[in-house]
Amino acid sequence: MDTRDTSQIYEEVAKHYSAASQTTSVKYGETVAKSFGYTEEELANIPEGANLGLSCGNPLAITSLREGETVIDLGSGAGFDVFLAATRVGPTGRSIGIDFNDDMLSRANSLKTSRGFPDSQVSFIKGSITAIPLESGIADCIISNCVINLVPEAEKPLVFKEMHRVLKSGGRVAVSDILAKKPLPEKLRNDIALYVGCIAGASEKQQYENWLKEAGFEQVLIQDTGADINVYLDTDEDGNRGGCCAPPGTVKEEKSSSCCAPKKIECAPAAAAAAAAASSSSCCKPAAETTSCCKPVEKKESSCCKPAAKPEVKAEEKEDLNEWVGSYKIYAVKN
114 MDTRDTSQIY
124 EEVAKHYSAA
134 SQTTSVKYGE
144 TVAKSFGYTE
154 EELANIPEGA
164 NLGLSCGNPL
174 AITSLREGET
184 VIDLGSGAGF
194 DVFLAATRVG
204 PTGRSIGIDF
214 NDDMLSRANS
224 LKTSRGFPDS
234 QVSFIKGSIT
244 AIPLESGIAD
254 CIISNCVINL
264 VPEAEKPLVF
274 KEMHRVLKSG
284 GRVAVSDILA
294 KKPLPEKLRN
304 DIALYVGCIA
314 GASEKQQYEN
324 WLKEAGFEQV
334 LIQDTGADIN
344 VYLDTDEDGN
354 RGGCCAPPGT
364 VKEEKSSSCC
374 APKKIECAPA
384 AAAAAAAASS
394 SSCCKPAAET
404 TSCCKPVEKK
414 ESSCCKPAAK
424 PEVKAEEKED
434 LNEWVGSYKI
444 YAVKN
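Each residue of the sequence shown is one higher than the one before, counting from 114 in the numbering used here.
The set of hints was computed from the structure by calculation and includes no laboratory data. Every residue, glycine too, gets a C-beta built ideally from N, C-alpha and C. Among the clues, some could well be false.
Taking lysine-lysine pairs in the DSS-like style, the calculated list, with each CA pair at most 30 Å apart, reads [what the hints assert, rightly or not]:
| no. | residue 1 | residue 2 |
| --- | --- | --- |
| 1 | LYS300 | LYS239 |
| 2 | LYS326 | LYS294 |
| 3 | LYS318 | LYS128 |
| 4 | LYS274 | LYS318 |
| 5 | LYS295 | LYS239 |
| 6 | LYS294 | LYS318 |
| 7 | LYS128 | LYS140 |
| 8 | LYS281 | LYS128 |
| 9 | LYS326 | LYS281 |
| 10 | LYS295 | LYS326 |
| 11 | LYS300 | LYS269 |
| 12 | LYS239 | LYS274 |
| 13 | LYS128 | LYS295 |
Derived DEER-like restraints, expressed as beta-carbon distance ranges [unchecked claim]:
| no. | residue 1 | residue 2 | range |
| --- | --- | --- | --- |
| 14 | ILE251 | THR137 | 14 to 22 Å |
| 15 | LYS274 | THR338 | 34 to 42 Å |
| 16 | THR226 | THR137 | 17 to 25 Å |
| 17 | ALA244 | VAL446 | 31 to 39 Å |
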C-alpha cells in the first residue's frame, strides 16, 4: 500500500506532467503510439504535438464512435485522443477533454486553435476525474488512456462512479490502462518515480472489475492486449527501438554519446515516467561526466535522461516492466 497522502501524490503527478507537456520528440511519440495500436492514418490526422508518447493503448479502437455522439476523455493531456475522437463524431458531435494540469490544457487549447476546431465540437475543461465538472447523463462514451492508474487507490472507485453518472443510459466506457499482473512489491509501490510513471499505482484486474460493477456497469470486459510495456524504456528520441536516452518528460539540451546500461535502454520513459531511473544503475552518461545521468546527483544536469519533473530516486536493480504490469483494454456499458 502506498504510504503517501493523496495531496503529495497529486502534486508529484502534476509536476511530472507539466514537464511532459514541454516534450517535442515527435518520433518517440509515434513509435510508442504505434506499439499500442494507433495507425499511420490516425497519427497523420491529429495536430503535431498532440501525441506526447503517453499512451498505453488505443481506447478509440473499441469505442465504435458514431457521428453526432458526445465523447469525454478523462485525463486528456495535450488532446491526442480528443482530436482523434472529434474526427469520428464530426461537426455535430462533441469531443471533451478533462484534465487538471494547466500546462497540458494550455498545450491542448493551443493545438485546438491551430487546427481550427470550433468550441461546439472540441473543448478542454479543467477538472478532476474523481469529480467531473459536467452535468449528469450527457455522454455517449467515456474514454481514458493511461490515467486512472495515477489516481490514489482510495479514490479510484470515485472515477468509475463519476463515469456512470455522466454517461447516458446505454453509454459505454472504453479505457486503456496499465494494470498489475500480480501484487507489486512494496519497494515498487512506494517509489514515487514509478508512481508518476503509471507503474507503481497500477491496480489489479479484479479490482478494476469490482469497481466497475459496484458503480453500476454491466458487460464488463478487461483484457490484456499483450503490448510491450518496455517500449517506453528502449525507444530513443528518434523513435528507434533499442536506442539510447528516450527523452519524453525531458527538456533536452545536449545529446549523450554513450549508454552503459544493459540492452542500452535504461532512460526516462514517457508514460513509464522515470521507470528506468528507478530500475537501472548506470544509464546514459554524458560524454564528459562520470556520474550516471539516471542516478540522482548533487548538481543540476541538462543530460538527456533526467526530466525536470522527475523526483530523485535511488537507482534499483533493473526490472522487466512486462513481468509486473501490462497494457489492458477495459470496456463496460451503463444500462
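How the hints compare with the structure:
Between LYS300 and LYS239, the direct Cα distance comes to roughly 33 Å. Violation of the 30 Å bound is thereby established for this hinted pair. Our distance criterion of 30 Å between C-alpha atoms is met by LYS326 and LYS294, whose separation comes to about 20 Å. A C-alpha spacing of about 28 Å is found between LYS318 and LYS128, which places the hinted pair at or below 30 Å, so the restraint holds. Of the supplied pair hints, the one linking LYS274 and LYS318 holds, its CA atoms being roughly 17 Å apart against a limit of 30 Å.
The hinted pair formed by LYS295 and LYS239 fails the criterion: a straight-line CA distance of about 34 Å is larger than 30 Å. Distance check on the hinted pair: LYS294 and LYS318 sit about 8 Å apart at the alpha-carbon level, within 30 Å; holds. Pair hint LYS128 plus LYS140 holds up; C-alpha atoms about 24 Å apart against a cutoff of 30 Å. Of the pairs offered as hints, the one joining LYS281 and LYS128 is violated, with about 34 Å between alpha carbons and a cut-off of 30 Å exceeded.
A hinted pair counts as satisfied when its Cα atoms are at most 30 Å apart, and LYS326 with LYS281 qualifies at roughly 17 Å. Taking the CA atoms of LYS295 and LYS326, the gap is near 21 Å; set against the 30 Å cutoff, the hint holds. The hinted pair formed by LYS300 and LYS269 meets the criterion: a straight-line CA distance of about 21 Å does not exceed 30 Å. Distance check on the hinted pair: LYS239 and LYS274 sit about 19 Å apart at the alpha-carbon level, within 30 Å; holds.
A hinted pair counts as satisfied when its Cα atoms are at most 30 Å apart, and LYS128 with LYS295 qualifies at roughly 28 Å. Checked against the hint of 14 to 22 Å, the pair ILE251 and THR137 fails, with Cβ atoms roughly 35 Å apart. At roughly 26 Å, the beta carbons of LYS274 and THR338 sit outside the given window of 34 to 42 Å. Distance hint check for THR226 and THR137: the Cβ-Cβ separation is about 19 Å, which falls inside the suggested range of 17 to 25 Å.
At roughly 23 Å, the beta carbons of ALA244 and VAL446 sit outside the given window of 31 to 39 Å.
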